[in-house]
Every structure is written in C-alpha cells, then in structure tokens.
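From first to last, the protein sequence lines stand for chains A and B. Here the first sequence stands for residues 1 to 253, numbered as in the numbering used here. Here the second sequence stands for residues 1 to 252, numbered as in the numbering used here.
Within a straight-line C-alpha distance of at most 20 angstroms, the following computed SDA-like cross-link-like pairs (lysine to any residue) qualify: (1) Lys153/B to Gly52/A; (2) Lys153/B to Thr84/A; (3) Lys168/B to Leu105/A; (4) Lys153/B to His69/A; (5) Lys168/B to Gln133/A; (6) Lys168/B to Glu90/A; (7) Lys153/B to Gln75/A; (8) Lys168/B to Thr84/A; (9) Lys153/B to Pro81/A; (10) Lys172/A to Pro109/A; (11) Lys153/B to Gly55/A; (12) Lys168/B to Arg246/B; (13) Lys207/A to Thr62/A; (14) Lys191/B to Phe226/B; (15) Lys168/B to Gln86/A; (16) Lys168/B to Pro81/A; (17) Lys172/A to Arg189/A; (18) Lys106/A to Leu96/A; (19) Lys153/B to Glu76/A; (20) Lys153/B to Phe74/A; (21) Lys168/B to Asp122/A; (22) Lys153/B to Glu90/A; (23) Lys153/B to Ile93/A; (24) Lys191/B to Phe179/B; (25) Lys153/B to Gln133/A; (26) Lys191/B to Val104/B; (27) Lys153/B to Asp54/A; (28) Lys168/B to Pro125/A; (29) Lys153/B to Phe57/A; (30) Lys153/B to Ala51/A; (31) Lys168/B to Arg126/A; (32) Lys207/A to Phe57/A.
Note that these hints are calculated values from the structure, not bench results.
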Amino acid sequence: MTALNVHIQEKVFANGLCALSDLQFETRQGQFTAIVGPSGAGKTTLLNIIAGLDGEFSGTLTPAGRKLHMGFMFQEARLLPWLTVQQNLELVIGALPTHAQPALLKKAPELLHEVGLQGFSDAFPRQLSIGMQRRVSLLRAFIIQPELLLMDEPFQSLDEPTADQLRQLLLKLWQETRSSVVFVTHNLREALALADRILFLSVRPAKVILDYTIECARPRQTHDDEVNRIHHELLQTHPELLSGAIEQRIIDR
Amino acid sequence: METLPGVKQLPVRTLGLLALLSAWQLLAWLLQSDLLPTPLAVLGSLQQHIFEGELMSHLGITLLRVFTSFLIAMLIGSAVGILMGSQRQWDHWLDGLLILGLNVPALVTIILCYIWFGLTEVAAVLAVAVNKIPTVIVAVREGARAIDRELLKVAQVYRLPARTTFFKVYLPQLYPYLFGAARNGLALIWKIVLVVELLGRSNGVGFQLGSFFQFFDIQSILAYTFAFVIIILMIESWLMRPLENRLNRWRA
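Work out the full structure, taking the sequences as your base and the hints as a guide.
The following block contains the structure:
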C-alpha cells in the first residue's frame, strides 16, 4: 500500500531560488526511506512540504500534508522548555481524538522506561543532557503512533556513540509501530545503517537521481563490513553521487 | 509547608526600612516641626484611622479601582501588543497612535474622560486604563516579536488545536514580558488612581489625601501613605513573586 506519493513539479522561494524541480517518489506503508543529499539541496524544504508546513509549491502530494497523522523529529530536540517530559508527551497526545488518548497516556511510563528515561518524567528539558532530550523528542514522535514519521537530520551534531544509541532506539520503536519513515540525512553511512531504501537527491534544484534498495538484513552498524561494502560499491557504480552527498559530507567535517 | 519566597529576603529588606525610619525619626526630632511628624506619631495616626476612621473602606475602594483598571489594561494591552508584534501591517498602522498614547499626559486623559463621560466610576476606571494600555502594548509587542517560530512549527506538525497552541506554546514565551508589564503596571496605576480620585471621586485614598491636604493634616497623609506601602509590599511578596517563581520554575 502506498503511504505517500510525492510529485513536486517546482518549488521556488520568494527570492527566485528554485529549490526542488521535478522531484517525485512514492513510499510504501511501513517502509523506512532515507533521503540523502548534499547540504543545501532542499531536503528540509522537501520535508516541510510533506509535513504541510509549506504549501507554496506546484505539484501534488497525496495524502495532502495536513491530513496525515504524523510525527516529526527536528534537527534539535525542540521540546517545549516550560513543560516537563511527561507534559511534553501529553501535549502531542492531547491533539489526538479523545478516545485514542487514554491508551497512549497509559503507555507513556513504559515507553519512558524503554528509552532509559524512567524517573525523568517530571524533569524539565533543561535538566536533561542533549542525548536525553533527543530521546524524549524521539519518543514524542512515536508515542502518537503516527502513520508517517518525518525526520530531519535528527542525530546530527551528536557525538557518535550517542547518535548510535539513538539510531538503535529509533529502529526498535519503528519495528514496534511500523510507521512509514522518511529520514533525511547527508550522512550516507547513517542512511545505510537505518533504511530499507535510499533516495539520492541532486544538488539544487533537487530531484531524485538514484533510488537504491538495501538488501542486506538488519541489524546493521554505520561501520560494519556489510555497510562498508555497500558504501564502497555504491560510490564505484555511481560516481555521480560523489559530487553530491559524499563530497559535501567531507566538507562539512 | 513551603516558606514563601518573599519571606527569605525579609531581614535585609526590613533592615533598609528600619534605617529609613530611624533617619526620619532623628530628623523629626531635630526639626521639631508640625510639618514633619515622627514615625511613631504617624503610626498612632494610622492606628486611629484604621480603627476609628474610614481608612479600610477607602483603601478597599481604591484597591478595587486599581485592580479593575489593571485587568482591563492588561487584557487590552496584551491583545493589541500581540497583534502588533506578530502582524507587521498592524504595527505600522497603530504605531503612531501608540506613540501618541505613550506621550499624552495622564492628567489630560483624566480630565477628558471626566468631561466626556461625567464624574462616574466608569470614567475613572477608563481614564486609568487608557493611561496604562500603551505601556502594556510596548512590553507585550516586544515579546511577540521575539516569539520562537520554530516552537510554533512543533505545534503545527503535531496538529495542536489553536487553543492549546496559544496557551501552551505561545503564551509561555510572553510570560516574562507580561510580568514586566504587570509590575510596572501596578506601580503606575496606583499613582494614577489617586489622581483620578482626587479630581473626581468622593471616596478612595486619593479623595482622602485631597481632604487632608486642605487641612494640612500631614500626619494623616503619611498614615495613608503607610497603609498603601504595606499593601504594595504584600502584593509583591505574596502574589507577584510566588507566581513568577512558579512560572519560571523550568528555567532553574
């Protein structure tokens, strides 16, 4: 079953800059799709369109962004600082239909335990470490059991061990809920470790230049042999990717 | 029971007040003039006004006027401030009026209100509110301009209802500004209410002070001022501070 069908003819910013052009793809229900592209390619713009935050583009999006029941993980944790962990979770649950709320609220302590935050439900975000804040943010995205989960480079700017922990946690929660995931990153290894499938975007104006399905079974790590092999193979067979994602990643470092 | 936050700082504050009182006592002693009664005499007069006079009822009426106009000013000022801070066109349109409002002398507004609406309670409260609204607008507009749009996006993607978005995501960002406005607001409103009462009401602290002025009854004037200061200190330490601490808990 198709979870999401994106066909963007053109997205032009007010200043005349063309961010996306003829970009189209489909995702299946429950699929983990990674979108890899160089910095500034318009990945965040694409997510904003899917999320319904940005409606000014030509093309079609089904289901329309505003109709989807979705979770979103931003580049930072972006919790509400004046609400406790528990209240932050209650806030998003409160937006769901009333009959769905009690069951989800009851699950909160269990989930907090699962992500290692037992005992922190009454803490304010400021009292938590960066990694813990991300975990709350991850939980916030999953606790509403979204049909679609959008993630905008959620683990960048974290140290590698913390990022790795969060990736494992993400996979675990995903396997429990089977939400469709669209995960944006400029880190190819991260995409290889997580996703079922990778869409490579070109430099601006972005379109999909390669749709790659990862055959190798999970669990995978960002630096295990299997990922190393695919990584190497991909760059050999598709040297054009070097101009995009990979090169940019080296510059970023 | 928790100790009230105001209580902890009490010793230091009391010390400052005691120093002032002693200086006053000393000066009154040296001058030996009717124009400067000693603190003790004022305290006696205060006691007399409370138990034998009408201080409590006048104080009550004044307090009621203060709170009514304070509420009106905060509500209208916040609404307009949010509007101007978030919508550029409104900011352009109303900015001139705002500057006018900030600069019209309080006395002018009071006199005009009394002339146009008669010597009534409504005119009195309105005059005070109109004086205060512009400063609330300025403070809240500043806050509305500093709103973190990224947090509003969270509300948007998680489809929070407008009400929840306003009270849980938007308004908490304005609290510091609202508190600033409320603090300055009370201070300003006290002062204006007294003038309003002096000019056109037949009760309240302002009216009483006017009467005492005619008799050069300095002792009573100071006694009323005393009562006033006590009330303000109580509001500050038992209402404003605890509330502020509570709302700022997450910053700790």
